[in-house]
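**Student:** Residue-level listing of the chains:
Number of protein chains: 2
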Amino acid sequence: MTPMIKQSSIEHFLDELASRNATPGGGSAAALMGAMGAALLSMVCNLTIGKAKYRDVEDELSAVLARTEQLRRELTQMIEEDVESFGAVMRAYAMPRQTQAESMLRTQAIQNALREAIQVPLRCCHVCREIIDLSAVVAQKGNSNLVSDAGVAALAAHAALRSGALNVMINLKAVSDRQFVASQVAELGELLSQASAATEACDQSVRKAMR
Amino acid sequence: MTPMIKQSSIEHFLDELASRNATPGGGSAAALMGAMGAALLSMVCNLTIGKAKYRDVEDELSAVLARTEQLRRELTQMIEEDVESFGAVMRAYAMPRQTQAESMLRTQAIQNALREAIQVPLRCCHVCREIIDLSAVVAQKGNSNLVSDAGVAALAAHAALRSGALNVMINLKAVSDRQFVASQVAELGELLSQASAATEACDQSVRKAMR
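Line order of the protein sequences matches chains A and B.
Just so you know, we're using numbering that gives the first Met the number 0 here: the first sequence kicks off at 0 and counts up by one.
Just so you know, we're using numbering that gives the first Met the number 0 here: the second sequence kicks off at 0 and counts up by one.
In case anyone wonders, no lab produced these hints; they're calculated from the structure.
Ideal Cβ positions, reconstructed from N, Cα and C, are used throughout, including at glycine.
Mixed in with the good hints, there may be bad ones.
Unchecked claim - Cross-link-like lysine-lysine pairs, in silico, BS3-like; alpha carbons within 25 Å at most:
(1) 172/B <-> 207/A
(2) 140/A <-> 172/B
(3) 140/B <-> 172/A
(4) 50/A <-> 172/B
(5) 207/A <-> 140/A
Claimed, not checked - A few chain B residues facing chain A, derived, Cβ under 10 Å:
(6) 16
(7) 20
(8) 31
(9) 32
(10) 42
(11) 53
(12) 75
(13) 104
(14) 107
(15) 108
(16) 144
(17) 145
(18) 152
(19) 156
(20) 161
(21) 171
Unchecked claim - Residues on chain A that point at chain B, a partial pick, calculated with CB under 8 Å:
(22) 76
(23) 157
(24) 158
Just chain A, same shape as in the assembly (with noise of 0.2 Å):
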């Protein structure tokens, strides 16, 4: 079995994005980009809970403390799933194709394949919506001093979406389902449209904050 790429040191994992291997990749950095942003989420909840200046909030930010734990762990999750799921792509690529008949299932398994390659982006595009969203809540309520803190999740959250984004298209690309690809290309815009305009206003409010 291979190792848990978390279980790797920050060192050995930036040299094996850097390194002449496909993997990890953009997705995989996407989904840590999204972690740390829940991560930090987190921190501010953890930095504001007990505090008796914040105990109007108490319950609201616990209750996004456990969301942003939550999402932490899916993003976690898929800095493993990213490697995996270019792995099937990899393996159907592979496959033989002498054979006209060879050719057909060597096909349809690389079509199957990037259909489940675009699923890991795309939910981490999903999730890291949702921590945009958090970032504005946590920013606003949150511990004032740390709002920079919420304020960096919500960049983080918003790069990893777009790189989300980036590594749904590539997939994309060689998917011959031109409905499919349409109905995922529209989905994708509506997504990076909302995110941008979440991550501008939270940006905004969290400069104010710090005026």
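Since the structure of chain A is already known, use the hints to place chain B on it.
**Tutor:** Positioned in the frame of chain A, the structure of chain B alone reads:
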């Protein structure tokens, strides 16, 4: 001696980021985002150099690779440096202030530590500005199968730059030298607006290449 963060596992780093300790925080997360951007550019260069199809750009991308590896090392170092400089600010705030002399010494120490603490995220911003420019080169000239990774590199570096800027600004909030603050804010504003334009241009070219 405290163990180096870069030697801790990704899972442990995320746990520490999420914990009720103020460090590591957004500054370290920003440096790691930037380091991932540099690492992804190194990967694309590594998977371009030596391929017959890309012989014309081999020398140029070899030079880019040397540079992205250097910037990756600097950013990896900043993951630690951000924690250290925050520690120095905290130690200054913890100085005694029972007499007027103590109070004056403490104020001076806080101001010095804040100015020092700004240097790490400010360097992160400048280094990430360079990574964004290198992303555009790699997206244009590197292995086209990996163009999405060059795109992720630009997005990661841009998020790191914006995050670094938030960390500079939250420290500037407590700096009393208004002239120094104004000059830093102006420098950041210039950097942020150049970086936004360069990132969006790179993103457009990446998306175009994937159509």
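**Student:** Each hint needs a verdict: does it hold in this structure or not?
**Tutor:** Status of the hints after comparison with the structure:
At roughly 11 Å between alpha-carbon atoms, residue 172/B and residue 207/A fall within 25 Å of each other, so this suggested pair holds. For a cut-off of 25 Å, the pair hint linking residue 140/A to residue 172/B stands: about 19 Å separates their Cα positions. With a C-alpha separation of about 19 Å, the suggested pair residue 140/B and residue 172/A falls inside the 25 Å cut-off, and the hint holds. At most 25 Å may separate the alpha-carbon atoms for a hinted pair to count; residue 50/A and residue 172/B meet this at roughly 23 Å.
With a C-alpha separation of about 14 Å, the suggested pair residue 207/A and residue 140/A falls inside the 25 Å cut-off, and the hint holds. Taking 10 Å as the C-beta contact cut-off toward chain A, the hint placing residue 16/B at the interface holds, the least distance being around 4 Å. A distance limit of 10 Å between C-beta atoms decides the matter here; for residue 20/B the minimum to chain A is near 8 Å, and the interface restraint holds. Taken as an interface hint, residue 31/B checks out: its beta carbon lies about 7 Å from the nearest beta carbon of chain A, inside 10 Å.
Hint status for residue 32/B relative to chain A: holds, with the closest Cβ pair at about 6 Å, below 10 Å. The interface hint given for residue 42/B is met, as the beta carbon of that residue sits about 5 Å from the closest beta carbon of chain A, less than 10 Å. For residue 53/B, the suggested interface contact is broken, since its CB lies about 13 Å from the closest CB of chain A, more than 10 Å. Checking residue 75/B against chain A: minimum C-beta separation of about 6 Å stays under 10 Å; hint holds.
Interface restraint check for residue 104/B: the shortest CB-CB distance to chain A comes to about 23 Å, outside 10 Å, so the restraint is violated. The interface hint given for residue 107/B is broken, as the beta carbon of that residue sits about 22 Å from the closest beta carbon of chain A, more than 10 Å. With a least beta-carbon distance of about 19 Å to chain A, the hint placing residue 108/B at the interface is violated under the 10 Å criterion. Satisfaction of the interface hint for residue 144/B is found here, the shortest Cβ-Cβ separation to chain A being roughly 8 Å, below the 10 Å cut-off.
Below 10 Å, beta-carbon pairs count as interface contacts, and residue 145/B has one with chain A at about 8 Å; its hint therefore holds. Annotation: residue 152/B was flagged as interfacial toward chain A, and the flag holds, the nearest CB pair being 8 Å apart, inside 10 Å. Interface hint at residue 156/B: satisfied, since its Cβ lies 9 Å from the closest Cβ of chain A, which is below the 10 Å cut-off. Nearest Cβ of chain A to the Cβ of residue 161/B: about 5 Å, under the 10 Å cut. The hint holds.
Interface hint at residue 171/B: satisfied, since its Cβ lies 8 Å from the closest Cβ of chain A, which is below the 10 Å cut-off. Interface hint at residue 76/A: violated, since its Cβ lies 11 Å from the closest Cβ of chain B, which is beyond the 8 Å cut-off. Checking residue 157/A against chain B: minimum C-beta separation of about 7 Å stays under 8 Å; hint holds. Given the 8 Å rule on beta carbons, the hint for residue 158/A holds: about 4 Å separates it from the nearest Cβ of chain B.
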